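K.L.:
Below, each chain spelled out in residue letters.
6 protein chains.
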Amino acid sequence: MATPILILGLFALICPLAFPSYASTLQDFCVANPNSQGLMSGLACKDPMMVGANDFFFSGLHLQGNTSNPLGSKVTPVNVAQAPGLLTLGISAVRIDYAPWGLNPPHTHPRASEILTVIEGTLYVGFVTSNPENRLITKTLQKGDVFVFPVNLIHFQYNVGPTNAIAIAALNSENPGVITIANALFGSNLPISSDVLAKAFQVDKMVVEDIQNKF
Amino acid sequence: MATPILILGLFALICPLAFPSYASTLQDFCVANPNSQGLMSGLACKDPMMVGANDFFFSGLHLQGNTSNPLGSKVTPVNVAQAPGLLTLGISAVRIDYAPWGLNPPHTHPRASEILTVIEGTLYVGFVTSNPENRLITKTLQKGDVFVFPVNLIHFQYNVGPTNAIAIAALNSENPGVITIANALFGSNLPISSDVLAKAFQVDKMVVEDIQNKF
Amino acid sequence: MATPILILGLFALICPLAFPSYASTLQDFCVANPNSQGLMSGLACKDPMMVGANDFFFSGLHLQGNTSNPLGSKVTPVNVAQAPGLLTLGISAVRIDYAPWGLNPPHTHPRASEILTVIEGTLYVGFVTSNPENRLITKTLQKGDVFVFPVNLIHFQYNVGPTNAIAIAALNSENPGVITIANALFGSNLPISSDVLAKAFQVDKMVVEDIQNKF
Amino acid sequence: MATPILILGLFALICPLAFPSYASTLQDFCVANPNSQGLMSGLACKDPMMVGANDFFFSGLHLQGNTSNPLGSKVTPVNVAQAPGLLTLGISAVRIDYAPWGLNPPHTHPRASEILTVIEGTLYVGFVTSNPENRLITKTLQKGDVFVFPVNLIHFQYNVGPTNAIAIAALNSENPGVITIANALFGSNLPISSDVLAKAFQVDKMVVEDIQNKF
Amino acid sequence: MATPILILGLFALICPLAFPSYASTLQDFCVANPNSQGLMSGLACKDPMMVGANDFFFSGLHLQGNTSNPLGSKVTPVNVAQAPGLLTLGISAVRIDYAPWGLNPPHTHPRASEILTVIEGTLYVGFVTSNPENRLITKTLQKGDVFVFPVNLIHFQYNVGPTNAIAIAALNSENPGVITIANALFGSNLPISSDVLAKAFQVDKMVVEDIQNKF
Amino acid sequence: MATPILILGLFALICPLAFPSYASTLQDFCVANPNSQGLMSGLACKDPMMVGANDFFFSGLHLQGNTSNPLGSKVTPVNVAQAPGLLTLGISAVRIDYAPWGLNPPHTHPRASEILTVIEGTLYVGFVTSNPENRLITKTLQKGDVFVFPVNLIHFQYNVGPTNAIAIAALNSENPGVITIANALFGSNLPISSDVLAKAFQVDKMVVEDIQNKF
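Residue numbers (the numbering used here), protein chains in the order written: chain A, 3 to 217; chain B, 3 to 217; chain C, 3 to 217; chain D, 3 to 217; chain E, 3 to 217; chain F, 3 to 217.
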């Protein structure tokens, strides 16, 4: 049987969350309603009398994420799909695990700034400012260090130590979104024309197609 | 010599941050300028060419806070006063330490919701909804548990275990503010008339004055 | 038969108003639909062709509120539950009556600033700033005086004259909410642990329980 | 000697208030600084330690406005120019006096919705919705009646009784602005070409020039 | 058979768009759902998996609008009713055609600023600032000139050349709205009392009624 | 002698515009002050009495941009640096010229959605949705076609015809910003570690360094 969390996950997937964070200016909170029947449902708020502590709760952020993948990193999110009470509140959290030399690759959050705290390990992190400067701002972080990634700028974290690393980060949206640059450009469904990518990156089309084949 | 951080702290203290988070809709970021001469200063943004990684950085969140106080708790903030690059970004973080039976007492954040992750220990946490229901929503949290406190609602965390507890929390404002209810009501400068407090709490004025004397 | 106002009241009660004031950036107005069937209803906007003047209207703010209660005050609201046309407009009004020595006790509005005009009588009013200053800002107001309470700060009004007092106030939300501090702390449903309250107010648990028994 | 209030009035006049209401998301309040030297001044926030109750205060809304003018109405405002503490708080108030048959003529507030309470007298009020419907929504109000004018819609109040009328209204901006339609169209400085106005109102240019001569 | 565009048009007409632009802070986009059954429908977002390029597309802005009307101008809009993908994105466009001496008469957009580019011809354009200055800001524009009309201010464009003129303009709302001043005042349904209009414009009631008869 | 426009350009460059669009909720407009002395200047608003039509004006959007560059495209902006009256108004415009096979390469606007109208030629355009779908939404546009690019999503336009193409686009920010993906990743100052880029794109470091050498 699908649990409420799973149904909500589905809901979040097929039903873009149409109620903005600003709705929190109109009520104490608005808990996402897992029984909303997708696109034809009604208000996405659960009856406040049926709301309980579990709507504001998530368990498991002490557990190590599985980093057995080409990038060697794993993001465990706690956003509105995991904690429905976050709807309209404009905040969420993630745990990020990094294998040795693991990379959280260049990406943007289209709807949030991020503040990251290193729990274990050593991370080389950075972000790039917009045109025309495209300045790279970088720092190597140790346990207890905190770093900020401004909204919409391309950023990354790279585990430069020989041991696992762990970070906890927060983002100021309950559904911040992620655009992994390499995937969006070279792994989109359908693919972007290789003419476009070859010209944009000033490489041969064969190089583009090689990269596309890996995504 | 005053360090930049100290100057900024002073700046933040005497010069309420007048540039809203929404300013981030107009630039990549706006780093608070520690050399702004208080109230008669100019724009609070540092020259972006002078901005560096340290503006987005804070060190020390792995260090235990000093909980030797009557409440047995200590909040270590990382907001715009510590990391000037947070200005306009709408997010900040804190570490909270709790001695055994330590209490982060009932308070509100006038400008932020909060998402809290337990790093160590066991916390009994809760918040109360607005009138007329005033429902108490509570949960006992263990390591790895996450809980959400909606903006402006009165909330608290209480260490119900015999060992120290640690939490890391994030708030969706770079200057979320805190109103500790007991201090604001019974320890304000100047004191609220004991007639008002006695009537509000339906107690004898002597009880009010006893409490006021402790704050 | 339930009147539309009553149905809307119910609607407002069980269905937190999920459409923010900012929706007024998308249409002339959005009148709350009293026939929305609670949580499973559709859009909360009434057909604009069915909208009439009564949606923007409330009658009775010249009538004295009943102040026969322990606090000696009574708030008569005109918010979105009374005037459905206020939905999305970000404003509402109240009349407050005060018996001699009547108190509108310390409270916050989690979603609005307030501007208050004294129509009759003499009021001692105040608000307290946030930590660490907790400054009390007070004034004794006469007929025709206006005072401002900033959003989310604890504030009160106290009738210090021997006659009835009347105020009209406005708040910049159509559903500003109220958190009466004493009720939220000592009268919540379920009660906050007396351990927490005793430690927060630095009083004996018996004092806490005495206060809780009155709420 | 100019009083601080007068200086602030001047300040407000020549220096458009550049700090938005949303700034209240970054501090308890931001009181307008009367000593800011106009356009070349610094931050418009007064040192919070210098802030006092008078910054949030205005006296005189019980006094009758002078309605000896062609329209027979007078608006007495309490906005940020009168109460500097309103800066960033997003609310203000007005008293409106109407002589018998006095008119507050068709106008818009470019930055606020309005909620109006009749204190004395009988008012015929209305607003017109946007294109293409241009529906007129009207009501005749008595003492104690409340009416709402949605943001940016053209509205008016007309005293249809033989006695003076009084209203108190609030607007959800500390500087809501007013555009009196007749003045903006026929009394602008410099005048709009009479060709434009004649074509827009489908009247002879002589009619336009007659009206322009009166403004 | 009604096309989706037509249904959406109807939807937009009877169902004020209740989802604010700020919703774009919660998802990539929210395409208006043409099958939403008016007021009793569910969420106004189309299933993102069903979204296609046509939702973000409009064809025909190269076609001349029909200016055979008393004003000699025609606005062809591309807002959320024409391109449902604009929902929540806060932008739209129009093409405006002007016959020789054609006028886009004085009007306001209650929810948007406008930036206009002249494609062909010569336009005398202007806007009027709010009270008390009511300054007229005007310019005569040629091909390739760009002009800005600030939100909510009364503005107009007048073709002062002997040939057709064309402009393309954009507005920062997906449903900016239009209030044509002359129509709202003299052509409303029902009419505004001629007493009100005569007093407001300081003209004889017969002049008012003459104008009303033309609208 | 530096022209005001040039000074403003410098101002815009070194002084991130700290006054958000929301400031337009507090005044009719706020024209950027070209004489503000950079970071130590005062309020960025020009005295409204000194404001004139030229503050809201730009000339030259009928002129062809120079596309003699490797990408074969040229963007001519009209934002707050060119038209200072746009400050706080939340809108701007661009003309884009494309040589045959010219490309406006994959990029994001960190602060705006975009609506584009084809004036001449044939453009293949597209954007990619966020993780995990990364759907490519594309369309081939002809003269008179309009297309929408949602805020923060990666998008591009490619001239697939043998002739020049021209588009006019608008963005809902007066300073929307641009992040050209290839430049930010491979041409940043200083460069991103080739380890990071090689792992992110799953290519050999030599491929990364080849690309970096071209930027």
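Heads up, some of the hints might be wrong.
A pair holds if it fits inside one copy or across any two, identical chains being indistinguishable in the list.
[As the list claims (entries may be wrong)] No farther apart than 25 angstroms at their CA atoms in a straight line, the calculated lysine-lysine pairs in the BS3-like style are these:
1. K76 <-> K216
2. K216 <-> K145
3. K207 <-> K141
4. K76 <-> K141
5. K145 <-> K207
6. K76 <-> K207
7. K76 <-> K145
Since the hints were derived computationally from the structure, they do not count as laboratory data. Model, not experiment: these values are computed from the prediction.
K.L.:
Could you place K207 and K141 in one of the four classes (within, between, both, neither) given a Cα distance threshold of 25 angstroms?
P.N.:
between (35 angstroms within a copy, 22 angstroms between copies)
K.L.:
If the cut is 25 angstroms between Cα atoms, do K145 and K207 qualify within a copy, between copies, both or neither?
P.N.:
Classified as neither: same-chain Cα gap 43 angstroms, cross-chain 29 angstroms, threshold 25 angstroms.
K.L.:
Quick one: K76 to K141, C-alpha cut-off 25 angstroms, is that within a copy, between copies, both, or neither?
P.N.:
within (21 angstroms within a copy, 28 angstroms between copies)
K.L.:
How would you label the pair K76, K145 (within, between, both, or neither) given a Cα cut-off of 25 angstroms?
P.N.:
Answer is both: 18 angstroms inside a copy and 20 angstroms across each meet the 25 angstroms cutoff.
K.L.:
Between copies, within a copy, both or neither: which fits K76 and K207 at Cα up to 25 angstroms?
P.N.:
between (31 angstroms within a copy, 23 angstroms between copies)
K.L.:
Have a look at K76 and K216 and pick one of within, between, both or neither, based on CA distance no larger than 25 angstroms.
P.N.:
within (19 angstroms within a copy, 32 angstroms between copies)
K.L.:
How would you label the pair K216, K145 (within, between, both, or neither) given a Cα cut-off of 25 angstroms?
P.N.:
neither (34 angstroms within a copy, 37 angstroms between copies)
Checked against the numbered hints listed earlier, the structure breaks hints 2, 5; every other hint is satisfied.
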